[in-house]
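Each chain is listed here by its residues.
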Amino acid sequence: MKKLICLLLAALMIFSCACGKQKSGADARKDANEIYVGIGQDLSSSLSPYQMSSAGTREVMFNVFEGLYKVDSTGDFKPALATAYTVSDDGLTYTFTIRENVKFHNGAVMTPDDVVYSYKTCASDSVDSAIKGVLENVESITAEGGKVIIKLASPNSDFMAYVSSVYISPASYTDQDTKPVGTGPFSFVSRTVQDSVVIKRFDDYWGEKAKLSQVTFKIFENATALVTALDAGSLDLVLHLDSTQVQGLGKDFNIQEDTMKLVQALYLNNAVKPFDDVRVRQALCYAVDVDALLTLTAGGHGAKLGTAIYPSFSKYFDASLVNAYPHSTDKAKELLTQAGYPNGFDMTIIAPSNYSPHVNTAMVLAEQLKAAGINATVKEVEWNTWLTDVYKGRKFEATVCGFDASTLTANALLGRYESTSGKNMCGYVSESFDAYMKEANSITDDAKRTELFRAAAKCLSDDAASVYLQDLAEFAAVRATLKGYVFYPLYLMDLSKVTY
Amino acid sequence: MKKLFAKHNNWFFKAGFILTTVMVFIVLLGQVWTPYDPNAMDASVKAQGPTLRHLLGTDFFGRDILSRILEGAGATLQIAFFVVLIGAVLGTVIGALTGYFGGVVDEVLMRICDAITAFPSVLLALIAIAVIGPGRLNVIMVLGCVFIPSFARIVRAEFVRIKRLNYISLARLQGVGDFRIMLKHILPNTLPTLLPAISIGFNNAVLAEASMSFLGVGVSASEVSLGRMLSDSQNYILRGLPWYAVFVGLTIALLILGFSLLAEGLQQRR
Chain A
49 MKKLICLLLA
59 ALMIFSCACG
69 KQKSGADARK
79 DANEIYVGIG
89 QDLSSSLSPY
99 QMSSAGTREV
109 MFNVFEGLYK
119 VDSTGDFKPA
129 LATAYTVSDD
139 GLTYTFTIRE
149 NVKFHNGAVM
159 TPDDVVYSYK
169 TCASDSVDSA
179 IKGVLENVES
189 ITAEGGKVII
199 KLASPNSDFM
209 AYVSSVYISP
219 ASYTDQDTKP
229 VGTGPFSFVS
239 RTVQDSVVIK
249 RFDDYWGEKA
259 KLSQVTFKIF
269 ENATALVTAL
279 DAGSLDLVLH
289 LDSTQVQGLG
299 KDFNIQEDTM
309 KLVQALYLNN
319 AVKPFDDVRV
329 RQALCYAVDV
339 DALLTLTAGG
349 HGAKLGTAIY
359 PSFSKYFDAS
369 LVNAYPHSTD
379 KAKELLTQAG
389 YPNGFDMTII
399 APSNYSPHVN
409 TAMVLAEQLK
419 AAGINATVKE
429 VEWNTWLTDV
439 YKGRKFEATV
449 CGFDASTLTA
459 NALLGRYEST
469 SGKNMCGYVS
479 ESFDAYMKEA
489 NSITDDAKRT
499 ELFRAAAKCL
509 SDDAASVYLQ
519 DLAEFAAVRA
529 TLKGYVFYPL
539 YLMDLSKVTY
Chain B
6 MKKLFAKHNN
16 WFFKAGFILT
26 TVMVFIVLLG
36 QVWTPYDPNA
46 MDASVKAQGP
56 TLRHLLGTDF
66 FGRDILSRIL
76 EGAGATLQIA
86 FFVVLIGAVL
96 GTVIGALTGY
106 FGGVVDEVLM
116 RICDAITAFP
126 SVLLALIAIA
136 VIGPGRLNVI
146 MVLGCVFIPS
156 FARIVRAEFV
166 RIKRLNYISL
176 ARLQGVGDFR
186 IMLKHILPNT
196 LPTLLPAISI
206 GFNNAVLAEA
216 SMSFLGVGVS
226 ASEVSLGRML
236 SDSQNYILRG
246 LPWYAVFVGL
256 TIALLILGFS
266 LLAEGLQQRR
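As you go down the protein sequences, you meet chains A and B in turn. Per this note's numbering, residue 49 is the first one in the first sequence, and the count goes up by one each step. Per this note's numbering, residue 6 is the first one in the second sequence, and the count goes up by one each step.
Just so you know, these hints were derived from the structure itself, not from any lab.
Calculated pairs, SDA-like style, for lysine to any residue (alpha carbon to alpha carbon, straight line, at most 20 Å):
| id | chain 1 | residue 1 | chain 2 | residue 2 |
| --- | --- | --- | --- | --- |
| 1 | A | Lys427 | B | Glu228 |
| 2 | A | Lys418 | B | Asp42 |
| 3 | A | Lys427 | B | Gly140 |
| 4 | A | Lys427 | B | Arg141 |
| 5 | A | Lys443 | B | Gly138 |
These stretches of chain B come out as covered by chain A in the derived footprint (C-beta under 8 Å, 3 or more residues):
| id | region |
| --- | --- |
| 6 | 40-48 |
| 7 | 65-71 |
Computed beta-carbon distance windows for the label pairs:
| id | chain 1 | residue 1 | chain 2 | residue 2 | range |
| --- | --- | --- | --- | --- | --- |
| 8 | B | Gln83 | A | Gly123 | 51 to 61 Å |
| 9 | B | Gln36 | A | Asp378 | 32 to 42 Å |
| 10 | A | Gly441 | B | Leu128 | 29 to 39 Å |
| 11 | B | Phe86 | A | Ala319 | 38 to 48 Å |
| 12 | B | Thr198 | A | Gly73 | 54 to 64 Å |
| 13 | A | Lys443 | B | Ala162 | 42 to 52 Å |
| 14 | B | Val109 | A | Thr433 | 36 to 46 Å |
| 15 | A | Gly123 | B | Val37 | 54 to 64 Å |
| 16 | A | Asp223 | B | Asp119 | 44 to 54 Å |
| 17 | A | Ser101 | B | Leu128 | 28 to 38 Å |
| 18 | B | Ile242 | A | Asp378 | 35 to 45 Å |
| 19 | A | Asp223 | B | Ile132 | 31 to 41 Å |
Even glycine gets a Cβ: it sits at the ideal position worked out from N, Cα and C.
Build out the structure end to end from the sequences listed, making use of the hints.
See below:
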């Protein structure tokens with residue numbers, strides 16, 4: 049009996065210690081006005097604004113670096129290190145008025161020369177081929193008084209979208225790889241590889257200062273470990289969770305729903321049989337039941353697409369395309385018969401094994417296609433194999449994956465379907481699509497351009513270039529005591545407005 | 006068989022035999038009949054606990070876990086069978102030849118075996134799979150090769166021991182050919198050692214397949230296997246749905262227990 053009581057007391061002690069520690073951890077962070085953010089991968093080896101290769105790194109460093117203009121949560125571009133800009137009538141000369149008295153994190157004052165330096169360095173060093181391509185089109189960049197003048201070789205109506213991605217770095221500062229210095233609301237403090245990254249509030253920030261005094265990004269490369277840490281209360285904010293991961297979280301957290309800003313589709317290789325036949329592709333669209341897919345994989349969360357534009361990109365999204373191919377097995381069979389496959393056919397769906405949402409979707413699709421007589425096998429491949437064989441080599445019949453937009457432009461999502469594009473993984477060829485895209489990119493009138501891009505997106509739906517499925521739902525778990533976290537239409541995490 | 010049961014009161018053998026027979030029978034039954042289509046998804050019964058309709062519950066896709074365990078155990082046993090077949094046959098051939106003839110070839114082959122055994126078998130298999138790619142056939146080939154050394158060493162040791170016995174010398178003096186001696190005079194006498202080894206091999210093969218599929222380098226996504234299911238079931242534990250992992254784990258445990266008891270029983274019989 050005595051033993052039992054001792055045992056019970058010991059258990060109670062351990063229990064209360066565990067509880068107490070947990071509480072004080074979160075409370076201590078609240079008192080210190082700091083938060084712990086869980087992230088799913090380590091940052092790129094270099095933190096230089098021009099060498100960040102992964103989206104996960106850009107997401108974190110968005111708090112440290114800024115461009116002349118800055119994207120806001122609605123997708124608009126707001127003045128940041130420039131106060132205003134003007135464009136010449138021919139669309140070739142951009143003149144930016146540089147904000148005065150802006151300090152870098154190392155104390156230096158930003159000058160127009162820093163801007164010129166940053167653009168030149170970015171043009172020669174950037175690992176982002178899209179930005180590099182745009183900056184190669186820059187004929188000259190000069191500083192004149194408080195202004196920076198950029199002259200383009202040919203007009204580019206998407207230029208401002210890229211301006212926000214060219215981060216300004218102090219000229220002749222050489223430690224960007226390890227001790228990045230920018231002008232953002234947070235300054236970089238330290239980094240422990242595979243463990244954590246720390247940033248703190250920059251008190252000399254030119255604009256509205258950050259509310260939190262310090263943010264620590266904790267790295268959890270194993271998703272289960274990440275959720276466990278969140279459950280245990282050692283994290284305050286985690287993004288990019290799926291519906292099952294947030295299911296059991298207690299009332300300590302608010303769950304905010306968002307989408308991943310991805311075009312998830314069953315991408316079909318339009319260059320190989322039988323997918324070179326538009327009727328077969330349309331049959332696949334009819335055979336797939338996207339609503340059931342959403343219910344099965346994400347408890348009904350997620351946004352249906354219909355074409356290669358995701359809904360939160362509302363400027364170009366055409367809601368009428370979502371139901372262009374309502375689920376109908378009969379129609380699918382009819383089209384297959386017309387195309388000469390009355391008994392269906394065998395196909396292989398490749399899915400990148402490290403992205404479980406894509407693998408799950410592929411498994412559900414394989415099941416759904418059975419009803420139309422199509423016998424699909426799911427083959428998982430490693431990410432690098434996927435990149436070389438499927439994306440670059442185009443050796444595939446069908447694959448489930450998601451494409452995101454590197455910048456907030458229609459070209460970022462639609463450009464890959466132009467018949468001449470090197471990124472045209474699907475091998476989609478359509479004269480009318482090419483014509484719409486070409487015309488849209490040759491004019492500057494925004495309304496007309498939008499119309500043309502929408503027409504191009506409709507081509508993809510009409511030709512069933514691929515089976516467009518969904519923009520995946522994702523969830524953010526935010527500690528209930530935190531306020532002010534907002535989602536961006538790009539893969540970014542803005543912590544400057546978060547407060548207790 | 007009757008003799009086996011009557012003699013020695015060998016409880017290990019009896020329990021192992023019964024358990025293995027029952028498990029194998031259930032698995033074979035699963036190959037011809039399962040309560041539901043193991044791949045059929047049904048959104049209306051997503052992630053349920055055990056019910057009368059679904060005895061072991063359903064997973065996130067609304068698939069019947071009992072049906073999937075039956076199907077998956079079949080795949081796992083099939084893989085284990087072929088792995089042990091490759092390992093035991095090639096291992097016996099190598100062990101017999103090297104043990105009987107000895108010499109330089111024996112030295113070289115045994116040192117290679119030592120080198121292979123020095124690494125954990127699953128690690129070796131992982132490396133090989135990374136090179137040639139996952140899939141059921143590749144898993145069988147790779148694990149089969151990794152299993153060769155253990156059999157080779159056991160068989161070799163027996164051959165070395167038995168070939169020194171008098172009756173072998175006598176046979177040789179009578180002019181019996183080497184291969185006849187190996188096949189008719191020595192091999193049958195290695196069985197008491199080989200049979201438990203095969204049983205334990207089964208055991209290890211089931212575990213190895215489960216570990217590899219668990220790590221995502223085993224069977225492909227559209228196939229079912231116990232390791233694959235155990236890996237999937239991880240996500241369910243934290244979300245308050247632990248029965249999935251429990252049932253899959255229990256199936257693996259019962260299969261292995263059966264084989265282990267069988268091996269123990271066979272050893273005691275010796």
